[in-house]
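Taken in sequence, the protein lines are chains A and B. Residue 119 is where the first sequence starts when you use the numbering used here, and the numbers rise one by one after that. Residue 2 is where the second sequence starts when you use the numbering used here, and the numbers rise one by one after that.
Because the hints were derived from the structure by calculation, they are not lab data. Every residue, glycine too, gets a C-beta built ideally from N, C-alpha and C. Misleading hints may appear alongside valid ones.
Cβ pair distances, simulated, as ranges [stated by the list, open to error]:
| no. | chain 1 | residue 1 | chain 2 | residue 2 | range |
| --- | --- | --- | --- | --- | --- |
| 1 | B | 136 | A | 277 | 44 to 52 Å |
| 2 | A | 136 | B | 325 | 51 to 59 Å |
| 3 | A | 255 | B | 313 | 14 to 22 Å |
| 4 | A | 179 | B | 137 | 33 to 41 Å |
| 5 | A | 267 | B | 345 | 24 to 32 Å |
| 6 | A | 196 | B | 15 | 52 to 60 Å |
| 7 | B | 139 | A | 255 | 17 to 25 Å |
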Amino acid sequence: MAGQIEEKHMQALTNRSKEVSRKPMSFMEQLYLPAILKGMAITFSHIFKKQPTIRYPEQKRPFSPVFRGLHVLNRDEEGRERCTACGLCAVACPAEAITMEAAERLPGEENKYREEKYAARYEINMLRCIFCGLCEEACPKDAIYLSETFAPANFTRKGFIYGKNELLIPDPVTEPEAYQKARGLKEPTTASQN
Amino acid sequence: MSEQTLFKVTIDNITIEVPAGTTILNAARKIGGDVTPPAMCYYSKLQGSGGKCRTCLVEVSKGSEKDPRPMPKLVASCRTNVMDGMEVKNITSDKVLDARASIVEFLLINHPLDCPICDQAGECHLQDLSYEHGKEGTRYEFQRRTFQKHDLGPYIQLHMTRCILCYRCVYVADQLTEKREHGILDRGDHAEIATQIQKSLEHDFIGNVIDVCPVGALTDKTFRFKNRVWFLKPMDAHRDCPTCSGKVTLWNRGDEVFRVTARKDEWGEVESLEDGSTAWICNTCRFEKKKTSDWVIEGPRAISRHSVISQGHYQGKIGMHKPRETFTAVHGGRDPKLLMDIHSVSEVNRPSIDLSLIEGPAHSTDFNLKKD
Ligand code: SF4
Ligand code: SF4
Ligand code: SF4
Ligand code: FES
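Here chain B stands alone, though its shape is the one from the complex (with noise of 0.2 Å):
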């Protein structure tokens, strides 16, 4: 499309111009801020998201400049098209909030809402959704609906009873993968994401069902427990990748790289690569390479100062460098007397153990050998 028809589009009193085709939700995510509508299911780098979960519900007030009937019922806004002269409205909509406050509360029905436990918290969808637009307490009164927890593969947990259907990972596996081998099984209610016949997932690719999961159903299972991301320093780096771009985040304690993700953009998003494809990221950067050596650190990633991540990176980028050591300098070489080594006492941290390195979460196994 060279010659492209700009249809102007007014979210909550913003008025803006998108190229036709877009949909509501994209010229609301150019606008940016509160006017962009949550969404759970849609993801822009997967082709046929979408549609699922209703969290994005907006309020057409004025169709188009031709027909200036409203629309009558609250509309998907990541499946419904602009047109021109359309007004939408969002947060300026009592209705949108309200309907909103329910989707909200059908989503946490069978949620666990385990956040403490769950290592998707911090950086969560659901919680962030929940935090805004949730109920305190909860209607429901029946048995929730609960799974056993299943290993997709020897890197990759999936703890279905947290999963909001969702339908990103199995988009993930359709695109990113030949063989797709999981998918949605049954219906409603008992709708479940499985491997079929358990088969483990193998193909390169697969570990993105991680990053696209908007939730703590599937998870990395090599930083499982081991730290909240809240504590880890994102840092930005690359290798030289035979399969994937290598461009990623590593979540850092100290010099320990703890976990492995691709870049996310402000949407939560995989970001693109210059050249506009999806800097998705394979499982040997993902999974194996969990030392700083393997890595070129390009710098500390900048993270929202509103999200919990930012909680001790104090202002800009301070904080997230190591300080130069000056008090030897300047006391003619002498090393500072300390008063009590923390290592000396301390049983948390370790210089012994390196819990980056074992396989899955640490158990007591692991504390307990190393212990003297």
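Just chain A, same shape as in the assembly (with noise of 0.2 Å):
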């Protein structure tokens, strides 16, 4: 009894909680078939309305503009590759994420590397990736940006360690169809300027 009185001294946290009903069941209750019956109606309706199912992959929900998918490496409008290795996102990362080693560009690659110095290797680990787009906003080349998709799922961990080679959006040059389609319908921030 004492334990009672407590219990209405305590403050609800919300207004919507009832009290447990201790009634014995009334004899239409006790004969169940009712609540079945009118449980059965409520899921029959549902076939009459419009669903909210989006039929993944056939069917996809059209993203906000400010979505962050996978990454992608930016190439300039000649095919040249933005990112120059400075680190910046990787320092901004707060999952750790991306790693990298630079190098010099050699006479001769001018075509291939926009500065003289360039990630030889980049590597973002999708594992630890939370795609908060923090690495976007810290690259002052414009060289990373997050697109519309998701990364693909994959059966083994080391399918989620993304190079160059997963990364690098494809030569707007050599093949622009492929560069189109990668760069999806939100425009890399720089695409206008420049």
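Two chains, two frames, a set of hints: combine them into the complex.
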């Protein structure tokens, strides 16, 4: 009894709490069938309602313009890699997902890399990445941006270490269609500048 | 001077007593903190330095006790001595802050600001200065002064385009080495640091020009592009060196020594040794001892909390020591079961490539040769 009194004094967190009813069931309730039929009727009525389900991957939900998906390493109009391996994305990354190794551009490689230093290796560990987009914000060269796709599922962990092969956008000069496709609807922030 | 006359000087409303003959800048450094004007060309360890860049301008609102008139113009604090009763305004003067912003704009007129590529980024005084005082945009519309890259000897890279003509390296060459082989050619806008007749500098101490350079004009070629300073762990270390004191800072990644520099104090200058001389280091220590086994490691170097270099070093000195593996011990000798060994997939930091031991910057050939 003392316990009950104390409970009454306890402050409810919401006003939706209900006291448990301990009344014995009425005859109708004891039959169960009406309640079951009522439940079936609710289920049945859903056949005529609009379905909210989207049949992925045949159908796709439109993404919001600020959606942050899989990373793309960008190239400039001439197809040169923009990234200079400055490490700002890696230092900005809260998940420490990005690693890279830099190299100096050799004479004759000017058509491949925009600056005299470039990322010879560039890797994002998609298992660590939380898709926060801070790398995109940190990049002074507009070299990395998050696209409108998911990182596809994989059977092994090894499949989630994305290197330059996976991340680099196709060359706009030699493969314009693939480039347009990879670029997606969301323009890289630089496309209009320079 | 056994009996020093002490002068009382007030800088930004903080009064301090300093010996006669002290410059305003050094008096302010004694107070420390924000009161200290920035200095791009003055270097306390180099005689005659200072007076070139004008970033250290301050306002003298009261000349001295005897002659209380203010000085008519802003003065370079690194070259102006204090007087008794002098009152100086640095950050409390709008005039100074305004002038400093203009000086930064001047310094940046021809500066490429290519910090993403520059090896000095993260420890660059010009970067700090621009961050604190610079304007967002540039008003300069003309062609910028650019130069070819030079190799000063086998170890030093000169990016003349980034040079702010502070003359510090010239003083190093002058005061540390017997024969100076590099200096400043031409004047005004055309002035450039150059080795006369393209001679390579081969003096034992010439590597110190890298440490004194406040910007990324002189950089270490053995470290070029290998890593960014904020991903490295600075460790104090020493070795028995016949030429120099052998007291250095190692910049490690894991157990690899990526770079060796002299130890810098809070003003970014090379530290003094116990006997008062400056801890310049020789080229052998700086460029050739790139193995942990060459050094006796003293411990992690304390880095200002505000520096980007301290990122990832977590609190105090934790994170700069290799943590002890406890798992095996508490699990009765069983090793942890790894779900994935990152080296089996990752192309970065592969144990087979020692970037730190490659002579100069890595090239595509270094990576591709050893690919499989
Ligand atoms: S999206 Fe965020 S977590 Fe992912 S790599 Fe970029 S910065 Fe790191
Ligand atoms: S992606 Fe951008 S921020 Fe990251 S290393 Fe390359 S240039 Fe720097
Ligand atoms: S010298 Fe300093 S400001 Fe200039 S590019 Fe290098 S890091 Fe940036
Ligand atoms: S530090 Fe005083 S003028 Fe450069």
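Here's how the hints hold up against the structure:
{"no.": "1", "hint": "B/136 x A/277: 44 to 52 Å", "result": "47 Å, holds"}
{"no.": "2", "hint": "A/136 x B/325: 51 to 59 Å", "result": "55 Å, holds"}
{"no.": "3", "hint": "A/255 x B/313: 14 to 22 Å", "result": "19 Å, holds"}
{"no.": "4", "hint": "A/179 x B/137: 33 to 41 Å", "result": "39 Å, holds"}
{"no.": "5", "hint": "A/267 x B/345: 24 to 32 Å", "result": "26 Å, holds"}
{"no.": "6", "hint": "A/196 x B/15: 52 to 60 Å", "result": "56 Å, holds"}
{"no.": "7", "hint": "B/139 x A/255: 17 to 25 Å", "result": "23 Å, holds"}
When each numbered hint is compared with the structure, no violation occurs for any of them.
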